[in-house]
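S.K.: Sequence:
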Amino acid sequence: MRWAGGPLLVLLWAFTSRTTGLHIPLEVEQPPTIIDHTVGPIIALPLDNTLTVRCEARGNPPPEYRWVKDGQELNLPNISTVKTENRNGTFMFHNKHFAQFRGKYRCLAFNKLGTAMTKEIEIIVPTSPKFPKEVLDTIVVKEGEPITLNCNPPDGVAPRQLYWMTVDLQHIEQDERVSMGTNGNLYFSYALPKDSRKDYSCFAAFTKIRIIVHKTPMSVKVERLNPENNSSESDHSTLPFREPSLLLPSGVQTTEVLLKGQDLQLECIPGGYPIPSVTWMKMGETMPDRIILDSFQKKLTIPAVDEKDQGTYMCMAENPAGKIAHYFYVTVEEPPAWLTEPPQSQLTVIGSEVRIECSVTGKPTPAITWRKNGEIFRDDRVNNRQVVDDTVILHKAGPEDSGVYQCEASNQHGSVLANINVLVMDMAPLMLTKDYREYAVIEGGDIIMNCSVFSSPPSSISWTKEGTVIEGERFHVLENGQFLKIIGTEKGDSGKYGCTASNTEGMSSLTALLDVKDPTKIVAPPQDVQIISGTLARLMCRTEYDRSLQDTFEVIWRKDGQEILHSPEESSRHIREGDLLQIMNVNLSDQGMYTCIARTSLDEDNATGFLTVLDVPDAPMSLKISDQDSRNVTLSWTPGSDHNSSVTEFVVEYEESHWEPGRWKELQKVAGNQATAELFLHGDLNYQFRVYAVNAIGPGPPSEATERLKTPPAAPDRNPENIRIHGHLPHEMDISWDPLLPTEYNGPGLEYKVSYRKLEVEDKWQEHLVTRPSFIVRNTSTFAPYEIKIQSRNSLGWGPEPKPVTGYSGEDVFFWHCLRENVSVPTAAPRDVAVQVINTTVLRVSWSPVLPATVRGHLGGYNIYWKRIKSFLSPDDLLEESDSMSFPGKRNHVIVPGLKPFSEYRLTVNVFNKKGKGPKSDPVAFSTPEGVPGIVPKLFASNIQEDSVLLEWVPPPVTNGFLTGYFLQYHRLNETSLGVIDSFELNITSPDATQVQLGGLVGGSPFRFDLSACTQAGCGPPQAQEYRTAVASGVRRSEASIATQRWFIGTLCAVALLTLVAVIVCFVTKNKGGKYAGMPPRRQQDTVSMGKVKEKEDLFPDAESRGMNEDTYEYSDSDEKPLKGFILDARDDTVWDSDSRDSLVDYAEEKGEFDEDGSFIGEYSGPRSRDSVSEPSGPSAVAE
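Counting in the numbering used here, the sequence shown runs from 27 upward without gaps.
Source of the hints: derived by calculation from the structure; they are not laboratory data. Take the hints with a grain of salt, since some may be wrong.
[What the hints assert, rightly or not] In silico BS3-like cross-links for lysine-lysine, where the CA-CA straight-line distance does not exceed 30 Å:
1) Lys389 to Lys349
2) Lys325 to Lys168
3) Lys522 to Lys511
4) Lys109 to Lys122
5) Lys122 to Lys234
[Claimed, not checked] Pair ranges (Cβ atoms, derived):
6) Ile105 to Val161: 41 to 49 Å
7) Glu788 to Asp903: 53 to 61 Å
8) Pro545 to Leu504: 19 to 27 Å
9) Lys460 to Gly424: 30 to 38 Å
10) Arg584 to Arg236: 33 to 41 Å
11) Asp289 to Thr417: 31 to 39 Å
As the structure is a prediction and not an experimental result, all values here were calculated from the model. Note that beta-carbon positions come from the ideal geometry of N, C-alpha and C, so glycine has one too.
Could you build all of it, start to finish, from the sequences and the hints given here?
M.R.: Listed below in structure tokens is the structure:
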């Protein structure tokens, strides 16, 4: 591959912040190039200990340095406080020599091929700023006259800040009347007596050098217009009007010259009474949008001016006594700057023409000075050296023209300097890239191989692979052949590559070695895992990589972006063994995203897995007790973190300080989705409570205990249980029972009343009060039945009325148990009742179970009551339709079917036991959504024509929502098989439509029409009818004429024979199993009908109803049904035979349905309501 180049070789351009130019390898002799130098001006501050002036260049031979100060050769003094660098031109001096080194410097770097130079570097050594010492006379003015106090601040190191203060450092108050100009002077628009004082002083602060100086205090005396008024405050209204004058600036006009980019500040400070108002305008133009007005509009600022801001500005000061104006002539100039970029260094062959252009801009127009090797370069036409304004032309350049050319453009605002290295030479190719350099790349990646060449004239560069010229879309030669880029490397790209460069002076070549490596892959990435806290976590990261990169291969693990460092210490919980990362004793801090990075020197792969740490729940917080004045209290809390495992239950514990202080006991459990518990407490106890949460990992720590809660004393809540009756002796009966626990006493003085009498004998109850849990009845009949009751009491009253149990005296032993479920009906209603509407007719009802203590017996189950308040179709009509269902057993949710769509309901739940029903829950209001309509009851055709028919229908009586229209499908049927030939669809968007005219039908053909009513929820089951369009009379006449032909007679014979066979087959089939050949029995027929409905529902699916139906029915895939009958044209003399009539009548006896014109519709009717879950005829218990 060859490079067709021009006379210049652009090689390895090096763009840096300091130099721009041709980069020539140091192996080639070349003049110096400045690569770093100090940019002036330099301000030598008194606080600086030393000052360094840098100058560094590159070249071959290595350059030497000399300095010029103020145009004269500089000989640095040989003293210890002035140091120079041996390898460059940098020098440094101590602050004691600052004044000695004040001036303008240039650094010149030179070797035998030329001299490069820097711009002038000015070193400024500022003197300490001072106000002159002076004696100032008192300024005496009349009241109402303007005053100007001059500051004349000294120059110094910027920034400089100016203030007016008193001797005791109090700021002079400034306002619209008194203001300071940017020049530091203090201006009074008019004088008042209070302005008289002897200590006005101007202060100048130089923050960079930390110096503040002040002017000699000035004295001002304001003489009153009315000497008799000795008040310090003057009445302004008595002052005479004074026409405006400009205290700043003076004169009528001012010229302002600014550099582009500087901020323009114009000031007009007026004097006069009343205070003149100041307005600004730009003559002949509108004011720029960027203007900023400050100091009561006395100062105008335009930031970063450019040429558009030039012009004449006027300020006008005006009051009732007159007005005055001042004009500012603003000119925007700019220092020299390169028009595009500095001139570039050049390499050219002997005999060529060299042109150096120095294109600059600036205002005023910069003057250009040309130098060669630091010396002034002038026009020399004899030696073919030409200087034309901003251009130098070297005709037929030779080696003697090589050197460093300087272009310097300057005006009064600054200068720019460019060093242009010009090399005029012929040179054979010099390879700059190392021979046999090795390159490695991952298969599929891109690689660039270098072949950097220096030559003059430019070389032609070509690439080969093992002697063959490189070709192909994946191979790209860049930068005139100096780079070979291979895109999407393959294994076959490995090998030796040759680069050859040649020009008129010679040839050079090198070899590059390329090795294409296998990519690094993670073949078994870490997986998302859940680990129980305190156990061992293992994260696997199996990798594959090129074995030649073994030395650089490493696996790095990061957690949430932070690297997990390998630690050899035994205490480290992270153990890395090959592809495995093990985390010992996992805790919650280990949860996060773990990234495995497999890396070589050439590539890397990474994969991530999330480690979820499971732990027991945190302790609940913020426990709160409400209703503290009763024994039924509500305990609430804020759940703690579940640590990635849902809380299954909360356990409420209690501790009481009377009977068992310090011992915590379980009181109640509640579901994990609740944060409250209804607690029934015993009386006369001093409680405190705590709660802990339980999840799949285990129980968590308990919460902080609540404050103590003292319950009021009360009568006992229950009677003893497990009554035992022993008849050890014939005339005795031993009665014993399980006593109440101390915490159940509810108050002091607990005792038991034992009541007994003979069974079935109306004896009086014999009663005895005891404190022990046993009693012996003596002198009983032998083996006689007795009724026994045990009732508890304390000083507050009696327990509930006990239920008697039966036992025998004498020689027998009985164990009787007082069944708690028969004590009473439930006392509490389910809480947190929630309703989830599954579809238009089915609900899911859930609740929080009642507390076992409130059931007052064995839990029988739950009753669901619902009342239909209204239908949204008639919202003003109150319905009050009620229904209910019972669900036995312990549960917290059920499925309730049998509701009506598009209605508003109220629902309650209660619990029941064997004794009865408990109170109902708070009613829950809900609404069922809009459903699909019922079937259209009647569909019939009228005005049947050859190609059209008028369909009419009756709207469905049950719409289950607002009708949105109808969906009609009609199918042209085959004459013999009754299969569908063509199908058509029509959306009828009017909900009030009861007829539609269909056109474009085929005459004399059977059609089936399926019509469904629709709501927003979808379309209901279709009503189907079949009709035949009329036959044209011309067709009948044509058929009559054809009948005379012989071939038609033969055809009729064949048809007659086939008809006879069909009749015989139908007769046999009818005798075997039904009225119609092939008609399924009734159950199968229902299934086929349901299949048709299913097909129509698939067109307009009710997702909710379908979810309830799909697992209930098995649908038929058949889409064809026998044609049961036709409405014929009046001109058609065909009649129904008796068999057909018999069949229809028989089918009607099976509760078939007929249209009023006799056509059969039963087979296309929807499924009976008893077969539908989404539209049940009555409630049936369905529980999850």
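S.K.: Hint by hint, say whether it matches the structure.
M.R.: For each hint, the structure was consulted:
1. Lys389 to Lys349: violated (37 Å)
2. Lys325 to Lys168: Since the Cα atoms of Lys325 and Lys168 sit roughly 27 Å apart, the hinted pair holds (cutoff 30 Å).
3. Lys522 to Lys511: holds (15 Å)
4. Lys109 to Lys122: Satisfied, since the Cα-Cα distance of roughly 14 Å is no more than 30 Å.
5. Lys122 to Lys234: holds (19 Å)
6. Ile105 to Val161: 41 to 49 Å: holds (45 Å)
7. Glu788 to Asp903: 53 to 61 Å: holds (60 Å)
8. Pro545 to Leu504: 19 to 27 Å: holds (25 Å)
9. Lys460 to Gly424: 30 to 38 Å: Taking Cβ atoms as reference, Lys460 and Gly424 lie about 34 Å apart, which means the hint holds.
10. Arg584 to Arg236: 33 to 41 Å: violated (50 Å)
11. Asp289 to Thr417: 31 to 39 Å: holds (37 Å)
When each numbered hint is compared with the structure, violations occur for hints 1, 10.
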